[in-house]
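> Here is how the chains run, residue by residue.
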Amino acid sequence: MSTILEMKNITKRFGPVVANDDVSFSVEQGEVHALLGENGAGKSTLMNILFGLYEQTSGEIYYKGEMINIRTPRDAIDCGIGMVHQHFMLIPAHSAIENVVLGYADNKQVLDLKSAAKSFTEMAERYHMNIDPWEKVGRMSVGQQQRLEILKALYRDVDTLILDEPTAVLTPQEVEGLFDVIRQLVAEGKTVIFISHKLPEILAICDRCTILRQGKVTAAGLEVKSIKNLNELAHLMVGRDVELVTAKTVSDPGEVVLNVENLNYTNDKGIHILKDVTFDVRAGEIVGICGVDGNGQSELIKCITGLLPPTSGKIEILGKDMAGKTAKQIMQEGTGHIPEDRQKMGMVGKMNVRENIAMVDNYQEPYSTRGFLHWNWIDKHSRELVKKFSVKTPSVMEAAGNLSGGNQQKLVVGRELSREVNLLVAVHPSRGLDIGATKYIQTQIVDARDKGAAVLMVSTELDEILEIPDRVLVIYSGRILACLDQCDCSRNRLGLLMAGVEEESDQSA
Amino acid sequence: MNELANFLATTIRLATPTLLAGLGLVFSERAGIVNIGTEGLMLIGALAGVMGSLLTGSVWLGALIAIAVTVLFAALFAFFTVIVKADQTVIGTGLNLLASGLTITVNRAVFGANTSPPQIDRFDITPIPLLSKIPYIGEIFFRHQIPIYLAFLLVPVAQFMMFRSNTGLKVRSVGENPKACDTVGIRVAMTRFIAVLFSGVMAGFAGAFISMGQLSFFTEGMIAGGGFIALAAVVFGNYTPVGVMFASLVFGASNSLMYRLQALATGFPSQFPLMIPYVITIIALCVISRRSNKPAGSAIPYIKE
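Protein chains in written order, with our numbering: chain G, 9 to 517; chain S, 257 to 561.
Next comes chain G alone, as it looks inside the complex:
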């Protein structure tokens, strides 16, 4: 094998922030090379440099033995480097084939989409991928969109393919399918760079791995075969020993706090999103909702927290009918909400930490009296909260948007948990967080349960679903397909349910 790609001493600065610090990265032809690291470790930055989306501050790139100067993605594609981005670079309003030929260098002025579709379909069949070239991308499933992205890159005849966190949006079965494609690519002599922070996947598919931590390489070209256990990898990635399992006792459910019956929601486009959703959450238990993104989780939570009006059905909190009530009324019933997008829904980035803390309960004592805020008290309370939930911030006057993702989330979680909550709704609580912050947030959620709160948690991460909840609901296409006790959950079983494969009998069997 020969070295196909060498990135030498790459440094990238964004203002004062050093995203890549003297990173050297070398990939052999025909291997699957993992680029491993926590969020913010600089993996995507490094790959965006290789793909021409960023320009390195210093350092050199050699491809097939020649030094190359990549300024735009076009340069990278011309060299034979393709990239499938974490957030797909597709245009939902266009057909699959239009997305494939878009920007293709050999396009004639008058497009011949028919012959393009023919060669595209032939190529797709070679990789056992079935995609209708005339289907609008907006109507495709996430898994299909990813396959389309891979084919879009292959259509440009690339010999190195960068996959940026490709499994984040897939069901376990889809992940297997993706791995099959990767194996086939490698068998054809292509090289794959696989960006991930999920350790088991690295062991499953990769030949070697390079680990980044805080912009620096902590392990280069490690043979995956030689890795004995996951903790070793985790240590290299995080820089300290991490507990990979969150400690948790058996739950002791009490009275029903949240009761949802036959909930239906139809959106303004007339699409029936939630179909007769029924479940309850009891005090002192965590109910997890698992499913692939976009199966109605978001709408379900918005109906429960008062952000969307349900079309029909019952939502009761501690016996009170709350369907169609406003978010404020629902919060006053002791509901805490850790929203799906902390930057858009959880906080105001330009406001400072203490203003963000005061945002929820500002209308009442002890935050304010007759509309006048008690800044002294808020200041004191904010300092305590920041300390208690170990939010790293220079001061409570810092703009919340300047905090790191993990600390922003700790801030939101801290704010919600410092209120008296009977019901905690946590949506993707650990999305985009590193292992350390993830474990911290999960521990806080388990603590809230132990103190008697009912917790409803939504997650797409199977690892989290298998670990934290006491009961798991699987949602698919707006319906609850199954309700399982945690001990009955397995990766395979959940995976099939998430893909919409119904079981013969439900949990009563």
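Treat the hints as calculated values from the structure; they're not laboratory data.
Every residue, glycine too, gets a C-beta built ideally from N, C-alpha and C.
Be aware that one or more of the hints could be misleading.
Unchecked claim - Listed next, the stretches of chain G that the computed footprint assigns to chain S, with coverage defined by at least 3 CB atoms under 8 angstroms from CB atoms of chain S: (1) 117 to 125; (2) 355 to 361.
As the list claims (entries may be wrong) - Derived DEER-like restraints, expressed as beta-carbon distance ranges: (3) Asp471/G / Thr345/S: 44 to 50 angstroms; (4) Ser123/G / Leu386/S: 38 to 44 angstroms; (5) Met531/S / Glu324/G: 46 to 52 angstroms; (6) Gly523/S / His280/G: 48 to 54 angstroms; (7) Ala228/G / Leu354/S: 55 to 61 angstroms; (8) Leu354/S / Lys122/G: 46 to 52 angstroms; (9) Ser412/G / Phe335/S: 33 to 39 angstroms.
To be verified - Taking lysine to any residue and the SDA-like style, the derived pairs with C-alpha atoms no more than 25 angstroms apart in a straight line are: (10) Lys435/S / Val150/G; (11) Lys352/G / Glu428/G; (12) Lys144/G / Leu541/S; (13) Lys447/G / Ser412/G; (14) Lys352/G / Gly444/G; (15) Lys435/S / Gln117/G; (16) Lys116/G / Phe367/S; (17) Lys560/S / Glu173/G; (18) Lys560/S / Gly409/G; (19) Lys126/G / Thr423/S; (20) Lys310/G / Asp288/G; (21) Lys435/S / Gly413/G; (22) Lys550/S / Ser149/G; (23) Lys224/G / Leu211/G; (24) Lys550/S / Gln153/G; (25) Lys72/G / Gln192/G; (26) Lys550/S / Gly278/G; (27) Lys560/S / Asp86/G; (28) Lys144/G / Asn422/S; (29) Lys400/G / Ser412/G; (30) Lys116/G / Ile450/S; (31) Lys395/G / Thr254/G; (32) Lys116/G / Gln94/G; (33) Lys435/S / Thr175/G; (34) Lys358/G / Arg439/G; (35) Lys352/G / Ala342/S; (36) Lys144/G / Pro412/S; (37) Lys435/S / Gln351/G; (38) Lys144/G / Gly424/S; (39) Lys447/G / Ser498/G; (40) Lys358/G / Lys400/G.
Starting from the structure of chain G, add chain S where the hints point.
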């Protein structure tokens, strides 16, 4: 029957400025740039056309000069919205105010404030041989000025460009998801810039057609909302050239109806038909907004990280 033919011929004539400007706008809209300054661009085109025509003695050279001058101002709009990435509404409004003041100033400086405006030649009516002799049909479709034929002939060309050509695909894509275009090597800013310039070409021609085709002189503020109607026609036509044509004809018909009512002096307020296009647009927007082709990146500047 004769009345009807006359009405339809007038409809086509009155639809033409909207169609010309709309065919340009549909490209810039698809590329994600809402050119609110079209009104001002048409005004500039109208004045530049008249001046050019007086200077050269030819309406066609006048129209070319109108297009050239308008494109310069369109480039100014494109510079601020695409390169500087300023807010499109603010820049467009600024352009309209600039055009309004500038055309008044130039017009008065050149032709004097209180004299009646100089008369110039108009685009000749060019009947199509044979076809124009067909009863009724000939009068409706084949006894018009050349810019009118051109405008309608451009519709299928624009439709083909938009949906079958590589350029059209790029234009539609940069309006939907500029970042995705960036990752496949399309120059987003350049594509958007050119789309705006094209809308300038068409706005200039449309303005020149108003001052030299429908009338034969320039008066201050003579576009009177025509640019905004063209913007509405693009939305009403759901962002396709063929749609813009039908929208323009609807607007043309209601204008035609207004003139007819005025002429008949029935006592029925002639302002009412003038409301029709706007009412139709509002209703249409409510109905089609769910299946709108409005680009996802409309009016959002693309800032590279």
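> Decide, hint by hint, whether the structure agrees.
A quick look at each hint next to the structure:
| no. | hint | in the structure |
| --- | --- | --- |
| 1 | 117 to 125 | holds (count 3) |
| 2 | 355 to 361 | violated (count 0) |
| 3 | Asp471/G / Thr345/S: 44 to 50 angstroms | holds (47 angstroms) |
| 4 | Ser123/G / Leu386/S: 38 to 44 angstroms | holds (41 angstroms) |
| 5 | Met531/S / Glu324/G: 46 to 52 angstroms | holds (50 angstroms) |
| 6 | Gly523/S / His280/G: 48 to 54 angstroms | holds (53 angstroms) |
| 7 | Ala228/G / Leu354/S: 55 to 61 angstroms | holds (59 angstroms) |
| 8 | Leu354/S / Lys122/G: 46 to 52 angstroms | holds (47 angstroms) |
| 9 | Ser412/G / Phe335/S: 33 to 39 angstroms | holds (38 angstroms) |
| 10 | Lys435/S / Val150/G | holds (19 angstroms) |
| 11 | Lys352/G / Glu428/G | holds (24 angstroms) |
| 12 | Lys144/G / Leu541/S | holds (23 angstroms) |
| 13 | Lys447/G / Ser412/G | holds (16 angstroms) |
| 14 | Lys352/G / Gly444/G | holds (23 angstroms) |
| 15 | Lys435/S / Gln117/G | holds (22 angstroms) |
| 16 | Lys116/G / Phe367/S | violated (50 angstroms) |
| 17 | Lys560/S / Glu173/G | holds (22 angstroms) |
| 18 | Lys560/S / Gly409/G | holds (20 angstroms) |
| 19 | Lys126/G / Thr423/S | holds (22 angstroms) |
| 20 | Lys310/G / Asp288/G | holds (16 angstroms) |
| 21 | Lys435/S / Gly413/G | holds (23 angstroms) |
| 22 | Lys550/S / Ser149/G | holds (23 angstroms) |
| 23 | Lys224/G / Leu211/G | holds (22 angstroms) |
| 24 | Lys550/S / Gln153/G | holds (22 angstroms) |
| 25 | Lys72/G / Gln192/G | holds (21 angstroms) |
| 26 | Lys550/S / Gly278/G | holds (19 angstroms) |
| 27 | Lys560/S / Asp86/G | holds (21 angstroms) |
| 28 | Lys144/G / Asn422/S | holds (18 angstroms) |
| 29 | Lys400/G / Ser412/G | holds (8 angstroms) |
| 30 | Lys116/G / Ile450/S | holds (19 angstroms) |
| 31 | Lys395/G / Thr254/G | holds (22 angstroms) |
| 32 | Lys116/G / Gln94/G | violated (30 angstroms) |
| 33 | Lys435/S / Thr175/G | holds (22 angstroms) |
| 34 | Lys358/G / Arg439/G | holds (21 angstroms) |
| 35 | Lys352/G / Ala342/S | holds (23 angstroms) |
| 36 | Lys144/G / Pro412/S | holds (24 angstroms) |
| 37 | Lys435/S / Gln351/G | holds (21 angstroms) |
| 38 | Lys144/G / Gly424/S | holds (17 angstroms) |
| 39 | Lys447/G / Ser498/G | holds (21 angstroms) |
| 40 | Lys358/G / Lys400/G | holds (17 angstroms) |
Hint compliance for this structure: hints 2, 16, 32 are not met, and every other hint is.
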